[in-house]
Structure formats: structure tokens, C-alpha cells
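S.K.: Chain by chain, the residues run as shown.
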Amino acid sequence: MDTALNRLPEGAEDISTGGFNRFAGPFYRLPDEGAVRRFAFAALEKHMNGAGTVHGGLLMTFADIAMSRTSRLASGAKSCSTVSLNCDFVGPGRLGDIVEIRVSVSRQTRTLVFLTAVVFCGERVVMNASGLWRIA
Amino acid sequence: MSGAPQGFSEIKLIDPFEIHTGPVWRKDGTYAFRVAEHHCNMRGVVHGGMLMTLADMTLGGAVWDATDREPSVTLNMQTQFLKPAKAGDLIEVTPELTRRTRGFVFMRGDFKVGGETVMTVQSVWKLLGKD
Numbered sequence: 145m146d147t148a149l150n151r152l153p154e155g156a157e158d159i160s161t162g163g164f165n166r167f168a169g170p171f172y173r174l175p176d177e178g179a180v181r182r183f184a185f186a187a188l189e190k191h192m193n194g195a196g197t198v199h200g201g202l203l204m205t206f207a208d209i210a211m212s213r214t215s216r217l218a219s220g221a222k223s224c225s226t227v228s229l230n231c232d233f234v235g236p237g238r239l240g241d242i243v244e245i246r247v248s249v250s251r252q253t254r255t256l257v258f259l260t261a262v263v264f265c266g267e268r269v270v271m272n273a274s275g276l277w278r279i280a
Numbered sequence: 490m491s492g493a494p495q496g497f498s499e500i501k502l503i504d505p506f507e508i509h510t511g512p513v514w515r516k517d518g519t520y521a522f523r524v525a526e527h528h529c530n531m532r533g534v535v536h537g538g539m540l541m542t543l544a545d546m547t548l549g550g551a552v553w554d555a556t557d558r559e560p561s562v563t564l565n566m567q568t569q570f571l572k573p574a575k576a577g578d579l580i581e582v583t584p585e586l587t588r589r590t591r592g593f594v595f596m597r598g599d600f601k602v603g604g605e606t607v608m609t610v611q612s613v614w615k616l617l618g619k620d
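As you go down the protein sequences, you meet chains A and B in turn. Be aware that the first sequence starts at 145, since it is given in my numbering, and climbs by one per residue. Be aware that the second sequence starts at 490, since it is given in my numbering, and climbs by one per residue.
You may find that some hints are simply not true.
Stated by the list, open to error - Stretches of chain B that chain A covers, calculated by requiring three or more beta carbons in the stretch to come under 8 Å of a beta carbon on chain A:
id: 1; segment: 497-509
id: 2; segment: 555-567
id: 3; segment: 579-592
These aren't lab readings, by the way, just hints derived from the structure by calculation. For glycine and all other residues, C-beta sits at the position ideal for the given N, C-alpha and C.
The whole structure should be built from the sequences, with the hints applied where relevant.
M.R.: As C-alpha cells, this is what we get:
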């Protein structure tokens with residue numbers, strides 16, 4: 145197995161049970177830090193673009209998975225669907241990086257969850273994301 | 490879940506993640522993508538991450554063409570998911586260039602299944618200059 149996977153933080157739990165999540169992953173849930181939900185993946189060869197950095201599509205996939213999961217955890221609903229997602233690509237991720245996302249709930253209503261998230265490689269910000277989820 | 494729609498041809502993908510998730514077909518300024526089971530989530534609808542990856546590929550391809558092959562990077566992508574798409578659906582987009590400056594390209598695209606929009610995207614691209 146790729147050595148980057150051996151460097152995942154302690155307590156990382158594989159959440160890539162099937163479908164595109166597994167096809168694009170694996171993605172992991174990390175222990176919460178207070179109200180902040182944390183997730184991670186190890187940047188593998190298949191996640192790259194031609195310039196040797198992590199593909200933007202994969203970073204948005206990671207954000208969508210982590211933020212959808214956070215919506216479900218916050219609402220207790222079985223499924224939530226993404227209504228809108230805004231991503232700013234702040235800096236590059238590299239092969240072998242452990243990429244972590246920290247997701248916070250801004251507001252929750254009966255039918256909606258508003259979320260913000262920041263994606264890091266170590267201390268360095270790679271992407272900012274915010275979005276809106278519908279509670280199914 | 491096979492071949493290209495009539496008149497479309499497969500585009501040559503270079504990025505490992507695009508090769509992993511493709512293929513994508515093209516006819517003039519229109520791109521097409523067939524949803525397979527492995528692009529879907531556990532509820533049987535195409536994963537938002539796959540759709541945003543498709544947006545990055547196709548709008549990026551249009552930037553590459555519009556700038557006479559100048560390298561660029563995605564700075565921002567704003568996505569709205571209007572309607573679910575399922576395995577077997579053919580998703581089509583004709584990316585539109587909203588504005589181009591010396592350093593940036595502003596793009597938008599409506600991603601459609603059978604003429605109905607399933608996702609709309611706006612994105613900003615930073616041009617990196619030619620060697």
C-alpha cells in the first residue's frame with residue numbers, strides 16, 4: 145500500500161464504503177475537535193493533475209464528502225444533498241501530502257445546513273469552501 | 490454505458506485524476522460525459538464531486554482553447570446543484586467565456602441532461618503565461 149496512507153493521523157476511520165466516494169478515495173474521518181468535524185485523505189498518484197499537484201476536482205470531491213457528512217451528523221438526517229458549494233483554491237497540495245479538512249456549521253434550520261470549511265496540508269491552507277445543504 | 494454520442498470524439502486526458510474519472514467526449518465547443526455506476530453515490534445519483542470534476546475538466550478545456558493553449562489554474566469555482574443525474578444519463582455542457590483580461594478568464598457553464606440543467610457553474614481562472 146502507498147506509504148502516505150501509513151502517515152494518516154491516529155484515529156482515522158475509513159468512510160469510503162462504496163460508490164464514487166470509494167472510487168475517488170479512500171477518505172477518512174478524524175476525531176472531532178470541539179464542534180469542528182475533521183476528515184483527511186492521503187494524496188495518491190491517481191489524485192494528481194498534470195502539473196503534479198492535487199486535482200481541483202478531487203479537492204472539491206473531498207469537501208463535498210466531508211461537508212455532506214457533517215450535515216448528516218448535525219441534522220441526524222439519513223441523507224443531505226448539496227444545494228451549492230463555493231471553493232477558493234488558495235494553494236497547491238502535493239503527492240504524498242496528508243490533506244485535512246475542518247468543517248464548521250454556521251447555521252442549521254429545519255430544512256437547511258450552512259457550512260464553512262478550510263482544507264489544509266499541515267499548517268498551509270489549500271482551499272476555502274462554503275456551502276448549503278438540504279436536509280432530505 | 491459505452492460509446493460516444495453521434496459526432497463526438499473522446500478527448501485526450503492528461504491529468505491522472507481526469508483519466509481515473511473519464512472519459513469525456515467533445516464536438517466543437519460542446520463536451521459530453523456518460524454517468525456510470527462508479528460515478529454515483531450510495532443513493533444512485535451522480536456524486537457532486539464527480540460533477541465538479543467534470544466542470545473543472547470542461548471549463549478548463551475551454552480556457553485552454555480560448556487562450557491559444559496558455560496554462561492556467563482554477564482560482565475559484567461556484568457550483569449550484571439543481572437536479573440529480575443518474576447512471577446512464579448523458580451530461581452535456583457548452584462552456585461560455587464571460588470575460589477575459591490579461592491575467593484572468595471568467596467562465597460559466599450549464600450542465601444539462603436531455604436539455605434540462607442539472608448543475609450551473611461559474612469559475613475564475615488565473616493565466617500563468619506562456620514560456
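S.K.: Next, verify each hint and record whether it holds.
M.R.: Okay, the hints, checked on the actual structure:
1. 497-509: holds (count 6)
2. 555-567: Holds: 7 residues of the segment 555-567 of chain B have a Cβ under 8 Å from chain A.
3. 579-592: Contact hint for the segment 579-592 of chain B vs chain A: violated, 0 residues under 8 Å.
Against the hints set out earlier in the document, a violation occurs for number 3 only.
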